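*Asks:* What follows is each chain in one-letter form.
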Amino acid sequence: MNTEPAITPELIAKHGITPGEFAHVRSILGRDPNFTELGIFSVMWSEHCSYKNSKPELRKFPTTGPGVLVKAGEENAGVIDIGDGWAIAFKMESHNHPSAIEPFQGAATGVGGIIRDIFTMGARPVFSLNSLRFGPISGPGQSAAILNNRRLFAGVVSGIAHYGNCIGIPTIGGEIYFDESYEGNPLVNVFCLGILRHEEIARGGAVGIGNPVFYVGAETGRDGLAGAAFASRDLTEESKQDRSAVQVGDPFREKLLLEACLELLASGAVAGIQDMGAAGLTCSTCETASRAGTGVEIDLEKVPKREPGMTPYEIMLSESQERMLIIVTKGREQTVRDIFEKWDLPYAEVGVVNDDGMMRVRVGLRVVAEIPARKLAEDAPIYVREATPRPAPEPLGPLPEADPLTALPALLAHPSIASKNWVYRQYDHMVRAGACVLPGSDAAVFLVREADKILAATSDCNALYCSLDPREGAKIAVAEAARNLACAGARPLAVTDNLNFGNPYKPENFWQLRECVEGLAEACREFDTPVVGGNVSLYNQSPAGAIDPTPTVGMVGLIEKPAHITTQAFKKSGDAILLLGDPGDELGGSHYVKVIHGRKAGPPPRLDYRKEKAVQSAVAALIRMGLVRGAHDCSEGGLAVALAECCISGDELFGADIDLSAFGNVRADVLLFNESQSRIVISVRRENATAALSLAQWQGVPARRLGFTGGELLRIKSGEREWVWPAKELREVWWTAIQRSMEDG
Amino acid sequence: MKAAVIRFPGSNCDQDCYYVLKNTFAIDTEYVWHKEASVEQFDLIVLPGGFSYGDYLRCGAIARFSPVMRGVAAEAARGKLILGICNGFQILCEARLLPGALIRNRSLHFVCEHVHARLENMETAFTHAEVAIAGGKLLTARTGLLLRMPVAHGEGNYVADEATLRDLHRNNQILLRYADARGAVTSGANPNGSADNIAGIVNRAGNVFGLMPHPERACDPLLGSEDGKLIFQSVIESAMKKTKSSSPITKRT
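Chains as they are written, first to last, in our numbering: chain A, 258 to 1002; chain B, 70 to 322.
Just so you know, the hints here were simulated from the structure itself, not pulled from any lab data.
It is possible that part of the hints are untrue.
[Said to hold, decoys possible] Stretch-level coverage of chain B by chain A, calculated; a stretch enters the list once three of its residues show a Cβ under 8 Å from a Cβ in chain A:
hint	region
1	74-85
2	117-129
3	168-181
4	200-214
[To be verified] Ranges between beta-carbon positions, derived for each pair:
hint	chain 1	residue 1	chain 2	residue 2	range
5	B	S256	A	E564	28 to 38 Å
6	B	T233	A	G831	45 to 55 Å
7	B	W102	A	R867	20 to 30 Å
Small disclaimer: the values here were computed from a predicted structure and weren't measured.
No residue lacks a Cβ here, since even glycine has one placed at the ideal position from N, Cα and C.
Start from the sequences, fold in the hints, and give me the full structure.
*Replies:* Here it is in structure tokens:
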């Protein structure tokens, strides 16, 4: 510690602190920082912790609503009311950079981190979703890039499985896409939801002067040093040497920590609680103090450590997993000791809450860092970056018409559209005995027994649309999420988002971020779904360039009655198949153009809020009347893929006879694969078809009879044209595509 | 009667088992922490699934040394009913309360899916009952009945030496085998590579049952199956009968 490096301009730059920011640090401290303090500022003022480049944008989100109990940004996760005194806490977070370097541990600790955010709120985590994006895993040849993408995909999936299965929180759905733009920079966004009573909401404030501060959970090691700062840089070739910035997860420890913390919270001994995630001990001490307007003083000698000889810098910046900071009500210390001894977890009283507003870090009697807590936590510089619009996307132009007979199976075999059973088989998605709808339908549906509530959840983002038109793409992400919930029989409640973008210092990237945020904000207002929390992940670029802008939307809804739970698959032969919405004609940004023609081109489909809300409310009404046997929205691959999925995604295989002659004599690819929005395919009993059609039309939604379920063939007719596919063959390509890619070579 | 759900550090199906016993079957049920030495006061003891001790070393290998396992072994010796599900089955094997072992799945991957388990012996304490299910129907035990239940494990591949397998067959100790939807016991229907498609076995005395599928996840029509109820109904009936006929014994230590 006497050998701490001197504070030189090079060292400051190495910590990602600009000269202007350093001047700000000096004005806060009234002196030069020492090495430890420099490290502390560098992580707290990283993009990951401070949102310094995105905060002005994030303020555009609607964050309030009648059901919002804890707002976005207030605590570790937002909390909303679901009735009868019950509430849910949920949030989505990214672990993109660590997963690019070390996919297994990167993804595993991503799961661990988001779970801690949820039980820090006093909620019992009940399920997770995953939203993943990788470079292509299939394609001609066995290029090094494809092999690497497969390695990352397999590693991330086993990391999520490892952590989630062991801790016993099921991953019940989400989305997985494959696209060149994620090559070398995969996206790993994890969503977790927990349940609690209103009165159980825990806060992360260091309240009560004189209250002892406890460190509980795993010992601090040298792993994950300054991970938050690492996540706030571009990924480069040299990033591989940053392995020490990747944390190592222990789901068993976290399971014990989860149970012990919930037990302790129930005991009433906790005045404040905060997990140690990004920026570890640093973030948890200054944020708890800042929230309560107090100070916190800790002694690093008392912190349980995994190895000897750790410097204050290392201890304060470590991102070792499975640790929490707990402010204990004075006099209740023994309760903490009893509970953590019962669960065989390390714990230590490391400090005290004081009234001087300082985050003071000591080693024994020697003060090694002393920083005004609120200024450290809240006074990070805020930048409004320059934004330059990207050139308009390449127009679609004349497009050769592909043969639908081969195009449909090719779309179903594309890993972004194909069944994800290879993934979900590896996740224990049925633990906690609540998954009413298994992964693979429009939304995941989960019965929370303790509350007797049925929740639906989905995560959505078509990044291809966002790359072509970020604003429209973001609006569609919200609309599609709400549509998926409506198809599952749920009423949308609220949103968490994960904003994944490239380096914000590049004006085009910042423009994408701003467009997407404004699109999300507008759509969230339209659908009355406030944003209750989320995460920003910038610097998602590899040497090849930035990722496609990916503002992932996680949306949660409530299903009133078990009878309303609806899945996409056809259920019975002879049912009528109806389309709610227009035939559509937009091919721009479609997966057909991407997969079959190898182009990302054209303006993506437009969203019309009026039509979208009408089709959602029509499907909701039909479901509540008990008329709907299956409902599925048209998304990637358009109507033909939606119909095929209805045939092949259930326990039982169905054929269907479809007649689209009424749609006119349009090009086959436009007819079958356009991705115009606000369209839902439903199946109803034959005798209910007329009632369903008139009800939808009465609600102002165009509705048409497409045909009937039954037989072994999917047969689509349009005038003189007819295409026929054996359902069994479609199922085979769709079901096995990912497995075949992963086992190839 | 009273049921215990043992909680090892890392158990994660404890709450699901507790819920089914307490709410679905209205049984007086308690959690028992693994540091307790005795489980004498209980008539039915459930070892739930999960990752006891994080599956470190080997699944169930550390949990067998938990203090509570001495109590479980003592009660097993006295004929109490013990039900081990998934990790509970692994612990029972490690503790030698059941023969054989559960090793890494043939695929080397964790597998989570619904399977069909064929009932091979309907004359045991765990597999004999009749139970009401949705739609006013009855589910009645019979040899060959298919029970649809989820599996979720990385180490469910049952192995034993030939003599043990022979004994298991000879004594009708194999209660469940993986089968396809038509009831055929095929390699394709075997999710983990288990010898003879074994999904669950009982000890020679007939009071200790271990199975890899999760009956507690198949007790509600909303979850897609109620077939797991047959196992709970059977074991609860058996425990009640034992409680009545042999209550004085429970006083002995």
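*Asks:* Each hint needs a verdict: does it hold in this structure or not?
*Replies:* Hints versus structure:
{"no.": "1", "hint": "74-85", "result": "holds (count 6)"}
{"no.": "2", "hint": "117-129", "result": "holds (count 7)"}
{"no.": "3", "hint": "168-181", "result": "holds (count 4)"}
{"no.": "4", "hint": "200-214", "result": "violated (count 0)"}
{"no.": "5", "hint": "B/S256 / A/E564: 28 to 38 Å", "result": "violated, 49 Å"}
{"no.": "6", "hint": "B/T233 / A/G831: 45 to 55 Å", "result": "holds, 52 Å"}
{"no.": "7", "hint": "B/W102 / A/R867: 20 to 30 Å", "result": "violated, 58 Å"}
The structure fails hints 4, 5, 7 (numbered hints given earlier, in ascending order).
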